[in-house]
Amino acid sequence: MKLHLSRRYRFSASHRLHSAQLGEEENRRVYGKCNNPYGHGHNYVVEVAVSGPVDQETGMIANLGDLDAFVESEVIEPFDHKYLNEEINEFRENVPTTENICIEIFNRLSRFPRARLERVRVEETGLNSFEYAGEPAGATHE
Amino acid sequence: MVYLTRKIEFSASHLYHNPAFSAEENRRVFGKCNNPHGHGHNYVLEVTVAGEPDPATGMVLDLKELKEILQREITDRMDHRFLNYEVPELAGQIPTCENIAAVIWQLLEPKITRGHLNRVRLYETPDLFVDCYGDGNGARAPAGGGR
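In order, the protein sequences belong to chains S and P. If you're matching positions, the first sequence starts at 1 in my numbering and goes up one per residue. If you're matching positions, the second sequence starts at 1 in my numbering and goes up one per residue.
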């Protein structure tokens, strides 16, 4: 049986979309309101899907206590109530669009030792969301 | 290929307990879910059937038929039941979301008469769900009208 276990988590954070590779006017044109120099915030929802054999003794792919603790320490604690551009090293150079947030969260959670990470889905608002399932085997990112 | 999804809800109770574990280990592994009196959830089940629409009816599978299958196979069996004791298909298994989803797949898969079962998604709460894809061979070609 192929099974994926999914769990939803939440954090709130601020960001500003601004690319050092673009001029001021170009940044305003590309990012619109999201380029406001003071930043703005969202209530993000992170949906994490993992897979693996169901442990016969527990009936579980992964113990939710283990998954919750890992997501808390790798993502929620560092991201929640933070200014992503300044307080998450990876976003000092990399624009914290939800695409890039999704990839960063996937990379952090791919180290979960007790199941295979299948997919990360991030909702920036109730109206938009992004999914990342890693790169296909053999492909190189960037 | 078109994917048709129907949603149902059922409410049931369960508890997690492995008789091979000590009482203390059961509490450590399963936490609150080990409460011997059980506890309940409003489960939400999304069933997805994949196939090509019948040229004569425009349907992958008649929704009325799918509704009846879900009523008979799932609601009648699991709604307002204590899953550990009242659902024979789960006997000897810990009724986690993973195991319930797998049982639901096994119950539904042979009953889908047009197209094929593509995915079973079972929500235990809005923040916790399991997707079951059967043997994982979800990409198999639809049987062009019936299996």
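Read the hints as simulated data drawn from the structure, not as lab findings. Note that this is a predicted model, so its numbers are computed, not measured. A portion of the hints provided could be inaccurate.
Mimicking DSSO-like on lysine-lysine, the simulated pairs with C-alpha atoms at most 27 Å apart in a straight line are [stated by the list, open to error]: (1) S/2 with P/111; (2) S/2 with S/33; (3) P/111 with P/32; (4) S/33 with P/111; (5) P/111 with P/7; (6) S/82 with P/7; (7) P/67 with P/111; (8) P/7 with P/67; (9) P/64 with P/111.
Across the chosen pairs, the derived CB separations fall in these ranges [unchecked claim]: (10) S/130 with P/127: 17 to 25 Å; (11) P/109 with S/76: 33 to 41 Å; (12) S/2 with P/126: 20 to 28 Å; (13) S/26 with P/135: 46 to 54 Å; (14) S/23 with P/44: 48 to 56 Å; (15) S/29 with P/40: 51 to 59 Å.
Even for Gly, the Cβ is constructed at its ideal location relative to N, Cα and C.
A quick look at each hint next to the structure:
Simply put, residue 2 of chain S and residue 111 of chain P have alpha-carbon atoms about 19 Å apart, close enough for the 27 Å limit, and the pair holds. Taking the CA atoms of residue 2 of chain S and residue 33 of chain S, the gap is about 43 Å. The hint is violated against a cut of 27 Å. Restraint check for residue 111 of chain P and residue 32 of chain P: not satisfied, since their Cα atoms lie roughly 36 Å apart, outside the 27 Å limit. Proximity of residue 33 of chain S to residue 111 of chain P is assessed by CA-CA distance (about 52 Å); at most 27 Å being required, the pair is judged violated.
At roughly 17 Å between alpha-carbon atoms, residue 111 of chain P and residue 7 of chain P fall within 27 Å of each other, so this suggested pair holds. Pair hint residue 82 of chain S plus residue 7 of chain P does not hold up; C-alpha atoms about 38 Å apart against a cutoff of 27 Å. With a C-alpha separation of about 12 Å, the suggested pair residue 67 of chain P and residue 111 of chain P falls inside the 27 Å cut-off, and the hint holds. At roughly 9 Å between alpha-carbon atoms, residue 7 of chain P and residue 67 of chain P fall within 27 Å of each other, so this suggested pair holds.
Distance hint between residue 64 of chain P and residue 111 of chain P is fulfilled; the C-alpha atoms sit about 14 Å from each other, no more than 27 Å. For the pair residue 130 of chain S and residue 127 of chain P, the beta carbons lie near 19 Å from each other, so the given range of 17 to 25 Å is met. Our hint of 33 to 41 Å for residue 109 of chain P and residue 76 of chain S holds, since their Cβ atoms are close to 37 Å apart. Take residue 2 of chain S and residue 126 of chain P: their Cβ atoms lie about 23 Å apart, and the range 20 to 28 Å holds.
Residue 26 of chain S and residue 135 of chain P have their C-beta atoms about 51 Å apart, which keeps the hinted 46 to 54 Å range intact. A C-beta distance of roughly 49 Å is found between residue 23 of chain S and residue 44 of chain P, which places it inside the suggested range of 48 to 56 Å. A beta carbon spacing of about 54 Å between residue 29 of chain S and residue 40 of chain P agrees with the range 51 to 59 Å that was offered as a hint.
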